[in-house]
Amino acid sequence: MELRRASSAADIATDSLLLAGGTEVVPLLRAGLIDGDSLVDIRGIVPQGIAGDRIGAGAKLAELECDPQIPEVLREACRLAASPQLRNMGSLAGNLLQSTRCWYWRLGQNCRLRGGDDCFAREGEHREHAIFANDFCASAHPSDVAAALLALGARLHTDRRQLSLAELYRVPTDDDRRTTTLEPGELLLEVEVPPAVRSVYLKAMDRKRWAFPLVGVAAVRTPAATRIALAGVAPVPWLLAEDGLDGATPLPGNAYKTEIAAALVRRARAALDA
Amino acid sequence: MARLIRTEKEVEGRYEEVWLVVEEDALEQWPAGARAIVGQPAVRIDGLQRARGEAIYTADLRLNGMLHAAVLRSPHARARIRHIDLAPALALPGVHAAAGPGEIEQLVDECDYQGVAVAAVCADTLAQARTAVAAIGVEWEVLEPLLDPDEAVRRGELLDEPRVRGRGDYEQGLAEADVVLTGEFRTAVVMHNSMETHQAVVQWVGDGVEVHISTQYIWGIRDEVAAGLGLPPDKVRVVCNYMGGGFGSKNGADDYTFIAAELAKRTGRPVKCALTRREENLAAGNRNATIQRLTVGAKSDGTLTALGGDFVNAVGWSGWSSSTEGPMQMLYACPNVKTTTYGAKINQPPMKAFRAPGFVEGTFGLESLLDELASKLGVDPLELRRLNYAETTADDRPFSGKQLLECYRRAEPHWERRHAVRARSTDTVKRGVGMASQIWYGGGGPPSYAWVRVSSDGHATVITAMQDIGTGTGTAMAQIAAEELGIPLDHVTVSLGDSARGPYAAISAGSSTTPSMGPAVRAAAADAKAQILEIAEQRGTPDAPLAEVVALLESGQILGKGARGPNPAGMQVLTFGVQVAEVAVDVETGEVWVDRIAAIHDVGRVINPLGASSQIEGGIIQGVGHTLSEERLHDPRTGEILTTSLDAYRLPTIADVPEIVSELIDQPDTHLTNLGSKGLGEPPIVPTAAAIANAIRDATGADVRRLPITRAEMLRALREAELRQREREKVGAPAGV
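Line by line, the protein sequences give chains A and B.
Sequential numbering from 1 applies to the first sequence in the working numbering.
Sequential numbering from 1 applies to the second sequence in the working numbering.
Please keep in mind that the hints were generated in silico from the structure rather than gathered at the bench.
Fair warning: there could be bad hints in the mix.
[To be verified] To be clear about the criterion: a stretch of chain A counts as covered by chain B if any three or more of its residues have a C-beta under 8 Å from a C-beta of chain B, and this derived list gives those stretches:
(1) 97-104
(2) 116-126
(3) 155-167
(4) 256-263
Every residue gets a Cβ at the ideal spot worked out from N, C-alpha and C, and that includes glycine.
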């Protein structure tokens, strides 16, 4: 495989594998789960750093977690993600675009997410899997950061367009298995974060640090609204609807996640009111 | 003077009657208490080499011309190979040799568990070898696996005959009981996941073979490789200078050693065969899952009248059925005990010994049930344990030494903290304290030998072909030699890790290295000292310092030799302890924190208090992992292992580690060897899970029944407790009973 350094967006082919922090793409390559002819280092062309309400897509999680300009919900989501070493390397856009931790998908099985006919998790071991939108594919989206940005109502700037964070994601379906709406070769450049009056991120995981969320709850109050978004509960970051958790459709082995989500949502609301 | 005896030999809780040639242990024990060097904290003699990266582990080894092997392993829990084609692998660049099913015994085409080795390739680089393995063409016939251990027992798919043990009249004991409690306990498969994966580098030298291997048993590897390759044992040299963890999983040579040996033979080059982390999580052994259906009967004051259990060890395809019933048989003075243990043979990777195999699992079940009993009877859990204290073994043999009552006494201040801990509970976070007792082996035994060489500069070298598996036993040996010779610790060098450079040493399993090797080292040092004293006598200066006497030697040397004497006849040598855990439970989210664990253990004389506290901390941290987060998962239909990486398999992080307070009784076992020391590798992990589960009961009233205590299990237990409480309120029973 060839490693190239991109000097402009034009250097990126539609089938290029992109390298920023490498904390996701390198393990996927090593496991043989993705493959390609070239790996394109985009660190030179993707904005980094934080300027007002704009965050470079190449900013490291470690920068965000300690910057006072960043809303609390996003800082906390970064702080509770991964380990310090991974946060020093992992980029914001890479975190948003990471793949599910579904073990069947990570073991390379030909599941529905990969184009196959079965969701092995639904019938098999799914204790960490989705409790919403899980009838086709029960994978859970693992990004704490995405839930925080979804609750904040963040907007994304790519090299081609602007879109809301909610519009970045799609629930995979029989005729289209993708979980994002990015076009081939499209590059995330910046994330625009609206201010929040108050915000909070709560996370339940299997150990105290360095685990993906069983349930992550991001709650944001703006002058206009209160929004709550969840990580680890659906194939995409999940905006909680009016009916709250009543719409959950847990599988036989993961109903406990609904219970945890209910407690954390209650606590997050209380924190906003406090 | 050597003599031949018939004795019981114990390894990892398994006994066999053997003939042993032993030497007399003529030395008197030192009096109890810390001495000038033994009993004083000592930093590791090889700590700097390890910290600086100068220590060469098997994983670091790069021999000239060394090739790398990769192994094709069955991806299926049960399958047969219809056809296999190695040619595409052999055609790839860098590939030197390939071996397929039947070419050596360790490569098979009938695959009865995922991860069993099928074929292997060696190449110039590891990447080339892995690419070549991926190119091997295999046509599989996938077969239906048997995965459910209870189903295996029903079908009679057992490793061996069910093991029935007992004493007294169990049914009568139940009839005499005022209260009978039952409970079903389950423990999950957990992995050793040593930092250094299983591996060996093998090269043929002259008419023999050199095996560099990450191992717990240099001499066992020597015999196993010699037998496997048809060589005289002295033609097999086994080297393990530094070791990156084993926990029981590195007692044997395993497939990778024989694969490396075969490919090295074919290519005439050294070959390294190292498991990847993924392979480590499949094919390197595990602590098998258990199902324990337990019953306890007691008088209303807490006196036990009956203990019974059906234990199912989900062993995997091979291995052995460990003593999960051991704690129930041994821990308490109950007159009527009946246990049946089944070794269920299923299509899962074989178990291996894992840090007190069986006793960790069995203690969780037994000590949880005893705590439920205490709660039911309103008896203080510590008092319940004292009440049923065993003065002798079940077959009326004396213990060589037992300080469990002293452990209980020393636990009191930690146990007293429960009132203050509970008082810190809130509506959502409940706090409590729990305890559990520990019983396990750890006496070691003969044979084991050491030499001590003293030079004219007054420095000494301890020579023995023992392995230090990372526990610091090398440092303990240096302390013992320095103490006996009366020279400073830094005047002692320890030469170990090479079967060509020293005498036989025991396996580092069953907490046996220090109790097996320590007395031999002391005997060798004493032999050298006696020779030096003899010279001093002849010189007419019997009281001259050692340095002055040996200065006469010039190029001469004093050579002392020593052997491990027999264990005390007619006695059982065991280790004991108690742990007290403090936990907090978030009753809405099922999160459990372990805040503090106090560990009080009796392992006889402590050689190095610093190394000993490290062992306790390591055992407890591993125990916290097994209790709260670690679990190997498999697909319930295909049996495929789902947790093959360190992000899916959840070892505890440093943030999960509680405050650990360790205390050692440090009383020599007066019947055991010239040291009175037992091993400490395993005892600290034995009671941790039960202590945590019991603290959870204290905090919440919930009975946790399976390990790990995931959020799902915690929430289930809380709901069950809540229902029970509501039922009680309905019938108007007094609360809290």
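Hint-by-hint comparison with the structure:
1. 97-104: holds (count 3)
2. 116-126: holds (count 4)
3. 155-167: Coverage by chain B is violated here, the residue count being 0 at a Cβ distance below 8 Å.
4. 256-263: Satisfied; 4 residues make the cut.
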